[in-house]
Amino acid sequence: MIDPSKLIAGASEVYGAAEMERQFGKLVPVPKERVVEGPEGFSVDLGDRKLEMWDAPGHAQHHFVVFDHGTRGIFTGDTFGLCYRELDNASGPFIFPTTTPVQFDPPALHASVRRMTAARPERLFFTHFGAVAGADTIQRLGAELERRIDGHVAVALRAKDAPDRHAAITAGVEEQLVAELRQHGTRLTHDELLDLFGGDIELNAQGLRVWLAKQASAPKS
1 MIDPSKLIAG ASEVYGAAEM ERQFGKLVPV PKERVVEGPE GFSVDLGDRK
51 LEMWDAPGHA QHHFVVFDHG TRGIFTGDTF GLCYRELDNA SGPFIFPTTT
101 PVQFDPPALH ASVRRMTAAR PERLFFTHFG AVAGADTIQR LGAELERRID
151 GHVAVALRAK DAPDRHAAIT AGVEEQLVAE LRQHGTRLTH DELLDLFGGD
201 IELNAQGLRV WLAKQASAPK S
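The sequence shown begins at 1 in the working numbering and counts up one residue at a time.
Read the hints as simulated data drawn from the structure, not as lab findings. This structure is a prediction, so every number in the text was calculated from the model and none was measured. This list has only true hints and no planted wrong ones.
Simulated crosslink set (PhoX-like; lysine-lysine; CA at most 25 Å straight-line):
1. K160 to K214
2. K6 to K214
3. K6 to K26
Computed Cβ-Cβ distance ranges for the label pairs, DEER-style:
4. E37 to R158: 35 to 45 Å
5. G47 to A218: 45 to 55 Å
6. D136 to A162: 31 to 41 Å
7. P31 to P219: 36 to 46 Å
The beta-carbon is built from N, C-alpha and C at its ideal position, and this holds for glycine as well.
Kindly produce the complete structure, drawing on both the sequences and the hints.
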């Protein structure tokens with residue numbers, strides 16, 4: 001926040017400079033004296049409630065979530081995935097992971113999701129989008145999110161030897177999400193689903209491709 005140059009460079013690499021400018025405009029630094037560092041367990045006392053910061057890597061190393069003691073709710077950032085309200089139906093909300101580049105880490109993401117569900121929150125506040133309530137609903141969503149994280153990883157591993165790895169991963173992620181939405185009972189058409197996802201499938205595929213490349217280059221123990 002004090003020096004957003006790395007953030008700008010990383011996001012521009014993902015979105016492209018023109019799209020970055022269109023979506024977010026010009027990012028300006030925050031004066032250093034206005035920034036309070038919030039490490040793991042740091043809390044903010046607002047009088048009638050306390051906000052507690054939890055380190056929550058997996059989607060990205062810098063991610064944290066905020067536990068609101070007043071509502072027993074968690075502000076999830078991107079760590080607890082994406083939850084589009086258009087996919088809500090009689091089966092409840094539908095959730096899926098965001099694996100955008102470049103720091104997707106499946107074991108860390110599983111651990112972060114389990115930490116949140118283990119706290120038995122009564123609400124989740126999603127950056128993308130809205131909120132869900134109910135302890136049982138949240139436990140179900142956590143289990144489904146973990147299963148879909150594993151599904152994304154399996155898609156990437158199946159594509160590791162494909163001639164066009166990125167195309168294979170993209171097609172696999174699309175197939176996985178559409179199939180699970182059919183099981184969820186969605187009535188949206190295939191094209192409507194792709195319009196709703198926007199660039200999510202492409203970004204998830206990019207992140208999985210980067211993760212797969214890192215696995216290939218990691219030293220063997």
